[in-house]
Structure formats: structure tokens, C-alpha cells
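Line by line, the protein sequences give chains A and B. Once you know that position 22 of the first sequence is 22 in our numbering, the rest is easy, because the numbers rise by one and skip nothing. Once you know that position 52 of the second sequence is 245 in our numbering, the rest is easy, because the numbers rise by one and skip nothing.
Derived from the structure by calculation, the hints contain no laboratory data. Using N, Cα and C, we set each Cβ at its ideal position, and we do this for glycine too. Please note: incorrect hints may appear among the correct ones.
[What the hints assert, rightly or not] Derived list of chain B stretches under chain A, where covered just means 3 residues or more per stretch with a C-beta under 8 Å from a C-beta of chain A:
#, stretch
1, 199–208
2, 214–223
3, 236–242
4, 262–270
5, 283–290
[Stated by the list, open to error] In silico SDA-like cross-links for lysine to any residue, where the CA-CA straight-line distance does not exceed 25 Å:
#, chain 1, residue 1, chain 2, residue 2
6, A, K171, A, M98
7, B, K262, A, A52
8, B, K273, A, D14
Here is what each chain is made of, one letter per residue.
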Amino acid sequence: MTDEELIEGLKAGDDQAAETVVRTHMPRMLAVARRLLGDSALAEDCVQEAFANMFRKIGDFEGRSSLGTWLYGIVANQALMKLRQQTRRREDPIDDLMPEFDTSACRIEAPWQHLSTPEEILDREKRKDLVIDMINKLPPDYRVVLQLRDIEEMSTAEVADALNLTDGNVKVRLHRARSALKSLLEPVLRGEL
Amino acid sequence: MAADQRRPGIMRQMRGAMMKYMPLMITCVEFETFILDYLEGSLPPRQRRIFELHLKMCRECRDYLAAYKATMGVAKRALKDPSDGPPDDAPEDLVKAVLAARER
Ligand SMILES: [Zn+2]
Numbered sequence: 001m002t003d004e005e006l007i008e009g010l011k012a013g014d015d016q017a018a019e020t021v022v023r024t025h026m027p028r029m030l031a032v033a034r035r036l037l038g039d040s041a042l043a044e045d046c047v048q049e050a051f052a053n054m055f056r057k058i059g060d061f062e063g064r065s066s067l068g069t070w071l072y073g074i075v076a077n078q079a080l081m082k083l084r085q086q087t088r089r090r091e092d093p094i095d096d097l098m099p100e101f102d103t104s105a106c107r108i109e110a111p112w113q114h115l116s117t118p119e120e121i122l123d124r125e126k127r128k129d130l131v132i133d134m135i136n137k138l139p140p141d142y143r144v145v146l147q148l149r150d151i152e153e154m155s156t157a158e159v160a161d162a163l164n165l166t167d168g169n170v171k172v173r174l175h176r177a178r179s180a181l182k183s184l185l186e187p188v189l190r191g192e193l
Numbered sequence: 194m195a196a197d198q199r200r201p202g203i204m205r206q207m208r209g210a211m212m213k214y215m216p217l218m219i220t221c222v223e224f225e226t227f228i229l230d231y232l233e234g235s236l237p238p239r240q241r242r243i244f245e246l247h248l249k250m251c252r253e254c255r256d257y258l259a260a261y262k263a264t265m266g267v268a269k270r271a272l273k274d275p276s277d278g279p280p281d282d283a284p285e286d287l288v289k290a291v292l293a294a295r296e297r
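Okay, chain A solo, but in the shape it has when bound:
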């Protein structure tokens, strides 16, 4: 069945269409939620809520993105809400991690002697956990944008749609998230950790 047929089926309350959609998209939705939340049980809750949302809102689906992309957006939103609940509200901690410039607008950046490749960096299991810990230090609103754009490879417009942001906003958050993560990962990239 094509996306169009499935959506028509969902709108008409067809059981077969519902089951097909759930079975087709659940694995990746679970993967998205697990990566964001780092917890399988929470991820399953999230996916369940996301599908409940989908059945409720299928009438509003405009077909601007594929059904899958729309669903990954819904599940990311559910996960974001959970992450926000977990994180205490505080001053934007990402500001200290932004790139630095002197008063004549020149960048301040220590020289890189050797920049390891991702493969070299991640060749040890412990390093991978370290990197994931660093990613988890990013504020949820930035992390979710980084993940949808750079990991799930959604387009700026798709992420904007999913998270109810403007394209400009998505770009700003993505750049800030990458910049902050670069600061956090510096010791790892420099081979010091």
C-alpha cells in the first residue's frame, strides 16, 4: 500500500491500514525515541503516545512530508516533552560553549595538531559512551534539533514542521548545538580523553 492509500485508510478507520502503519514505522520510531531518551521503557511510552496522537490527528495530516517523517516528528516531540520535564529549568548553559572572538572580530581557536577521524575516536566502546554523555549534556531543545537533522537526516523544513519552529530557528539551534558539542568534545577530538 502507498502512503496515500494508508492515509486514506487511517482516515476511514480501517484496521488493516492502522496495523500496517504501526508495524512499518514502529521500529524506527522506537530507535528515534531511544536515542533521544536513552531509555527503552520511556521510549516505548513515547511511541505509544505518538501513535495515539497520530490516530487523533490524522485528519489534519496535509501530506507535505511523508507519513514516516511526520511520525518521527511526532515521536520526537513527545520525547522532547519528557526531556524537558526531566531537565531542571536554568540559565541557558549553552552560552559558555559558543565559539569565541576577540574585540577585532577575529576567532580565538587553539591550533589543532592532529584531528582524529570519527572511526579512530570511536574505536573503543568506552569512548562511544563518553561521546553520548556529551551529547546528552546539550539542552533538550538543541539536542532534538541536532538529532533530527544530523542523525535522522530530516530536512530543515521537516524539522521545522515537526517541532513547530521556523526554518531560521531550526538553523540557529542546529548551529548552536553543533558548536556547543564541538566545545564539549574538544578533549576527545584532541585525543586527551
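For this one, chain A is given, so just place chain B with the ligand on it according to the hints.
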């Protein structure tokens, strides 16, 4: 960061002024705002040339961009390990729960 790093010496002041006022040049601060579009290939040709000229002339931005790109690669690989393979699990009880909730 040490406060004296923010107060540039005479060479950096001159370089900053040159990049600010010479045609076809941008400051590192302006360079920063182009990075995302540059990596997406969505910079118009003229801006792309200006960006690449700065990249040739500026050791700091070159190093910064290299580390920025490495960061993207590391994040992607850490979260989406190629050896993990495609996700293929749809736990049966979760499928049933989702479909049952719909009927209510
Ligand atoms: Zn520069």
C-alpha cells in the same frame, strides 16, 4: 578564557580591520554565520567564494571548521553505529497495545 585573549595584539587588530574593510573579505564573526549554509551547499556562488577566501587566509577558522565537521561525524557515528544495523524490532505487545488503544 583569559581576558587578555579578548584584547588582541597589534597584528590581530590589523588583520581584523583588513577583513572588516577590504572588498571580498569577511570577519571571523561573519564567517561564523555562513558555516551552516556553506556545509549545506546553499550559499550563493559569490558568498561561497568569499567564504572560501576567508578559509584560505584564516588559520583559526580553518581549524574551527575542521573540528566542527569532525564533531558532526563523531556524533553521527556514536548515535547511529553502522554495526547496529537497521532497527527491526516492533515488540508484539507494544503493537497490540497501540492498536487496542485506538479501538477504545
Ligand atoms: Zn577567521
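Hints that the structure is at odds with (numbers, increasing)
3, 7, 8
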